[in-house]
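For the first sequence, my numbering gives the first residue as 1, with consecutive numbering after it.
Careful, some of the hints might be misleading.
Calculated cross-link-like contacts (lysine-lysine; reagent style BS3-like; alpha-carbon spacing at most 30 Å) [as the list claims (entries may be wrong)]:
#	residue 1	residue 2
1	Lys426	Lys386
2	Lys677	Lys696
3	Lys601	Lys88
4	Lys661	Lys484
5	Lys214	Lys88
6	Lys104	Lys88
7	Lys627	Lys661
None of these hints come from the bench; they were simulated from the model.
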Amino acid sequence: MNDADRLRPDSITTLEDIAVSPLLEELATLIRYHDSRYHGEDNPEISDADYDALVALNKEIEDAFPAQIRHDSPSVRVGAAPSSTFGKVTHSQPMLSLSNAFDKTDIEEFIARIGRFLALESTEPLIFTAEPKIDGLSISLRYEAGTLVQAATRGDGSVGEDVTANVRQIKDIPQQITQSRIPPPDMLEVRGEIYMTKADFAALNERQAETGSKPFANPRNAAAGSLRQKDASITAARPLHFFAYASGTISEPVSDTHHGFLSYLSECGFVVNSLTRLCHNAEELVASWQDINTQRPHLEYDIDGVVYKVNRHDWQQRLGQVSRAPRWAIAHKFAAEQAETTLLDIDIQVGRTGALTPVARLEPVPVGGVTVSNATLHNEDELRRKNIRIGDKVILQRAGDVIPQIVRVIESRRDGSERGFIFPDKCPVCQHPAIRPDGEAVRRCTGGFTCEAQRLERLKHFVSRNAMDIDGLGERQIELFVEKGWVNTIADIFRLTAREDEIASLERMGQKSAENLVNAINAARTNDLSRVIFGLGIRQIGQATARLLAQHYRSLRGLMDACHHAQDNTATAYTDLVAIDQIGVSVADDLILFFADDAHKEMVQDLLGEIQPPPPEQPEESVISGKVIVFTGTLSTLSRTEAKAQAERLGARVSGSISAKTDYLVAGADAGSKTRKAAELGVTILTEDSWRALIKS
DNA sequence: CAGCCTCGAGTTCT
DNA sequence: CTCGAGGCTG
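Make a model of the complete structure from these sequences and hints.
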């Protein structure tokens with residue numbers, strides 16, 4: 001931060017003649033600098049009063065120009081974690097979740113998928129590790145030059161909570177990496193699982209009972225509760241343990257394989273799970289799964305399956321990830337615990353798209369560590385398939401140990417008092433007809449904008465974690481604000497900031513919570529474009545497609561215009577939309593339909609007056625940045641999915657069909673009609689070899 | 001046109 | 001987490 005001298009607080013005296021946005025940028029930089037002098041280096045340069053004045057100035061400007069609030073604003077950083085004692089940490093590499101497998105077929109498919117993706121010869125050995133999947137909390141530990149500097153929870157995968165002080169109390173976690181053979185890397189992120197042993201859990205609950213505190217439901221919750229203590233000395237008194245099992249960002253590689261990396265961690269003083277094995281095929285994987293399953297009751301910690309990982313790091317790298325899960329790992333789950341209970345009633349819920357979903361109300365019953373009283377029944381067909389009647393005795397399980405599921409009805413226990421359920425053909429909330437289109441499984445309410453339930457669900461979706469992530473705006477709050485008439489559309493949410501005092505005077509809301517809410521709303525004004533697109537709740541547009549659209553159109557207006565043009569048929573935009581890889585006619589239709597609606601148009605227009613979403617970050621700069629690439633034929637050295645991922649990493653757009661906008665056609669063996677079309681349109685055609693040469697440059 | 005593979009939408013509980 | 005539907009490949 002060499003700019004620091006230029007940015008003295010006294011150089012900022014008045015708001016006049018200074019554009020607000022650069023000023024806020026300077027303030028953010030300045031406050032961050034002084035923050036680090038104060039906290040990090042313990043060597044403040046300015047007085048506390050001057051520092052407070054800076055923060056106050058920042059707030060004053062932001063209050064006057066809420067639309068200009070930066071996503072990295074100091075007020076946001078403070079306000080973003082209102083209810084929590086813990087700061088937020090953005091993971092340098094996202095902490096992924098795992099896809100699941102339940103039987104040998106799933107494992108065989110997993111292995112086959114990998115072979116195809118890597119285009120492996122059948123003779124090439126594909127080796128996996130098999131290790132128990134600990135039922136605890138994932139943690140990422142950051143070591144700089146061998147010293148633990150930060151610990152963060154998984155959070156939503158990309159942003160977690162800073163729990164460094166608490167993690168320092170855990171004895172399994174070294175404060176300092178001491179490894180004699182080679183010096184520790186400058187930067188090393190170790191990931192693993194914090195857990196509590198079954199015995200310690202039982203003892204802790206006994207103590208909780210003695211002191212009259214509420215017992216924990218299971219070791220996992222006990223570990224989570226113990227870690228998330230405001231007072232780290234309480235964490236110290238709780239017997240937490242840690243298994244290391246993966247790396248995050250690392251400044252220099254320490255091993256070519258996962259197994260080698262685990263050995264390295266072990267030498268460094270971490271505890272790695274001793275049941276970890278190397279396996280060469282599906283049979284060996286399943287054998288190790290069975291072996292671990294047999295040992296499960298005798299282990300001192302809870303596990304919920306076995307994780308298989310591709311051993312070679314270079315292959316892991318090539319395989320990459322799909323959505324939120326790596327392609328190179330899978331969790332083979334154990335059979336779920338089952339329980340028996342009574343189906344008391346069936347209710348109908350209305351989702352944001354109007355979908356009517358039957359939900360089972362159950363006699364509460366403990367299953368797998370929690371008490372379950374509701375379970376989804378998915379749709380009409382599911383009810384018929386399982387022949388479910390109200391009053392039935394049913395077998396319940398938690399699928400993947402999380403979501404409750406009715407496995408089957410115990411028909412032998414029927415006494416004739418059970419009643420069948422008649423699926424309604426009207427929305428239970430707005431009474432509009434509920435229609436089930438031919439061939440579809442879902443019945444939907446046709447009330448649209450007029451349906452209260454749909455409107456509420458759409459608002460909830462907009463503020464939800466994966467969309468705009470507005471903290472402190474839960475279901476209850478939204479309901480309340482809608483009731484008060486303060487919020488009708490998503491744009492109204494941003495105008496709540498003008499009602500801070502009114503909000504503060506509401507029941508169970510103080511000045512502080514109102515302020516936090518306002519801060520969280522203001523922070524959302526500069527959320528990524530893809531979050532906004534996802535938040536609109538357009539049919540078939542989920543997180544992945546929203547990201548895709550954000551990359552292509554780079555602004556909400558751009559997307560909207562493209563859809564309008566498509567509708568007017570005045571341009572080739574419809575074709576453009578469909579030419580985007582992963583967007584077909586059905587998705588394009590839903591997009592066009594959404595933006596053709598006057599109410600939607602008005603709502604988006606209105607929203608644009610409240611937010612300034614930054615366009616998505618440009619991927620790496622390269623010779624193919626911004627180019628439109630089409631792949632065809634069979635590629636020999638890499639699979640098509642991999643080629644696509646690689647092209648996107650380098651900033652290219654991958655399309656499925658040739659158009660005048662295509663820059664390169666990469667033709668593998670046996671390329672078909674696309675080559676001819678490309679030639680007609682004058683598109684550059686590359687062989688696989690010249691493509692590889694191109695991206696290397 | 002069938003058979004993948006992926007994504008979206010709905011859901012539980014603490 | 002599961003199911004169903006959309007999109008792409010061959």
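Here's how the hints hold up against the structure:
Distance restraint check for lysine 426 and lysine 386: the Cα-Cα separation of roughly 23 Å lies within the 30 Å cut-off, and the hinted pair is therefore satisfied. Taking the CA atoms of lysine 677 and lysine 696, the gap is about 27 Å. The hint holds against a cut of 30 Å. The straight-line distance between the Cα atoms of lysine 601 and lysine 88 is roughly 35 Å, outside the 30 Å bound, and the hint therefore fails. The hinted pair formed by lysine 661 and lysine 484 fails the criterion: a straight-line CA distance of about 50 Å is larger than 30 Å.
A hinted pair counts as satisfied when its Cα atoms are at most 30 Å apart, and lysine 214 with lysine 88 qualifies at roughly 28 Å. Simply put, lysine 104 and lysine 88 have alpha-carbon atoms about 40 Å apart, too far for the 30 Å limit, and the pair is violated. A C-alpha spacing of about 9 Å is found between lysine 627 and lysine 661, which places the hinted pair at or below 30 Å, so the restraint holds.
Comparing the model with each numbered hint stated earlier shows that hints 3, 4 and 6 do not hold.
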